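Chains as they are written, first to last, in the numbering used here: chain A, 35 to 169; chain B, 19 to 281.
The set of hints was computed from the structure by calculation and includes no laboratory data.
For clarity, every value in this text was computed on a predicted model and none was experimentally measured.
Among the clues, some could well be false.
[What the hints assert, rightly or not] Pulled from the structure, derived: some chain A residues nowhere near chain B, Cβ distances all over 12 Å:
1. Gly67
2. Glu95
3. Ala96
4. Gly125
5. Val127
6. Val129
[Stated by the list, open to error] In silico DSBU-like pairs for lysine-lysine, Cα to Cα no more than 30 Å straight-line:
7. Lys258/B to Lys189/B
8. Lys90/B to Lys189/B
9. Lys64/B to Lys258/B
10. Lys123/A to Lys258/B
11. Lys68/A to Lys206/B
Glycine included, each C-beta is placed from N, C-alpha and C at the ideal position.
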Amino acid sequence: MGPMLRMLVAAFMVTAPAAALAHHSFVAEYDRGKPVKVTGTVTRVEWQNPHIWFYVDVKDEAGKVANWGFSGGPPGVLQRRGISRNAMKVGDVVVVQGFRARDGSNNASGGSVTFADGRQVFTASPEDARPEGGR
Amino acid sequence: MARTRTIALAAVILVCAVLLAVVPPVTGQGRAPAPAGPAPRAADGKPDFSGFWDWPHAPGGPARGATVFDSKRFAPFKPGGEALFYEPRTGDPRHDEPRAFCMPSGFPSNLFGPYPVQIVQRPGWLVMVHEFMRMTRLIPLDGRAHRDIEPTYLGDPVGHWEGDTLVIVNKNFKRWSLDDYYYQDATKYRMHSDAVTMTERMRRTDLNTISYELTIDDPQIFTQPWSQPFEMTHHPEWEKVGLFEFVCEENNRCPGGNCRASQ
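Starting from the given sequences, assemble the full structure and let the hints guide the process.
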């Protein structure tokens, strides 16, 4: 990363909404220093309070499949953004960007989801950090 | 080299300005500027706060993330007050963050969460329903006294009018979290005592704005009361869909702050 790009990223970080929390602590559970970007197939969707969770089978370079869990915003907040429970279905192929859990497990905040047709939705909580490219 | 740095710095400043201008409020939906106008009045002639509002935030700015108190506003601590204000961490998650087990956020922390509020006003009562945790506050305006009740998480509110300002005095609190500052600095969990009185002063300064000042009078912790001004912004575009349900216990995968997926 060149110095200009580093400065631009830093500029984004300082202008991004503060990651102060409401129900649970983004900073306590997820590591802003560990962004993740995975591509996989949705295996399960829990469109429930207090945060939606969705699960994605991700195949690594050796062909081994691991199931990742992603936490998003509350259903009401997403609905107010125009994202309903029908937005994501089992079997959808998605690219998910977020931040990995501090405990190193295959869990992460699911900041943004990009579908096969290029549609991108921002699924994070109002208080969570946004991945680069998330909206 | 210096010129390159100057250009780079200018670019960073420009990007910051653009991001601040275009990054939408955290609630995510774009919003056309609401028409300006005077504060509406209820049939009894009092200012009418009814409608959909965002949570109290810094005056003049958009609401972004949970609001926390500015430590520069604090009155000096009493001897021993600081130790009461910052609850020590014990390693027991049920003590250290009971809200991660869906215990109430309490007042005012719940009100400061980044979620909409619906206010319903009628003669004698003001009802505030906050989407976060579906906190409901029923505030009598008929001149009654505070109840003699056991301590509460949300406090016992009683409101009265001082001209066009609605003053709500809240008493009968349990010792509980004051705000969400802990999530910015995990070493500082701010608490109020059970002796606290919190006074809200609300004025609808125009169609789109509530001036909201909160005074913390906590004689066990501070030498004198202190206040911080906030603002709430009208969101008529939220009227159509209203508030959504929020049931923390439904699928809480983060008990104790350790999120666990279902697999």
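* So which hints don't hold here, by number, going up? -> Hint check: 7 fails alone, others pass.
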